[in-house]
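Engineer: Those sequence lines, one after another, are chains A and B. Mapping to the numbering used here: the first sequence position 65 is 362, numbers consecutive. Mapping to the numbering used here: the second sequence position 43 is 434, numbers consecutive.
These are computed hints drawn from the structure, not numbers from a lab. Any given hint could turn out to be false.
Below, a list of computed lysine to any residue pairs in the SDA-like style, where the Cα atoms sit at most 20 Å apart [as the list claims (entries may be wrong)]: (1) 397(A) <-> 404(B); (2) 397(A) <-> 445(B); (3) 397(A) <-> 441(B); (4) 404(B) <-> 469(B).
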Amino acid sequence: SQQGEEDPQALSIQEGENATMNCSYKTSINNLQWYRQNSGRGLVHLILIRSNEREKHSGRLRVTLDTSKKSSSLLITASRAADTASYFCATVNSGGSNYKLTFGKGTLLTVNP
Amino acid sequence: DVKVTQSSRYLVKRTGEKVFLECVQDMDHENMFWYRQDPGLGLRLIYFSYDVKMKEKGDIPEGYSVSREKKERFSLILESASTNQTSMYLCASSPALATGELFFGEGSRLTVL
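With the hints as extra help, turn the sequences into a complete structure.
Structural biologist: In structure tokens, the structure reads:
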């Protein structure tokens, strides 16, 4: 199964509400990243949180990481219609010459005006 | 701003044709990646390269090859296209494997008839 799995698969909210997406993973990681993808476009990096960090903020984004539960959450506050997109978590596992970055299947967020 | 440019946004090819997907990045990144993205399957790594002329297989390399003759350019080759290779192909680059974010191109949507 996927290293990173997002939950829920789809989320529909009203403009101004907060949106929370979760990501669970199975093995140890170096860092966890969140990306956004507008329909039919490439992915855009949002935020990276290292394995020794617990929380990180960037503008309206707040990411938490709980390594004991192997989970992360992405909170988007005061959502806007322009936040409508798919959101992916990606886990990085790297050691020696080995490197693996694995994406989850994504959460489709719809923000209704 | 980092720019990753994929040569074609949309391609239509016939079964058995040889297909080249080109990707160029302008930020002198060491690492480049090719992913394919399919509904319900998320992003899957085909190949990545950490240096000129160096390549590593990803999760689904079968049916694909790659070429990295210059640092800025990473090509994906389908020697004999098949209908199950119809997909969105995403190229990305990164300055550092273990700690770096990925910068994605806009994607190339390939249809094999």
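Engineer: Are the hints correct? Go through all of them and say.
Structural biologist: Checked hints:
no., hint, in the structure
1, 397(A) <-> 404(B), "31 Å, violated"
2, 397(A) <-> 445(B), "16 Å, holds"
3, 397(A) <-> 441(B), "13 Å, holds"
4, 404(B) <-> 469(B), "11 Å, holds"
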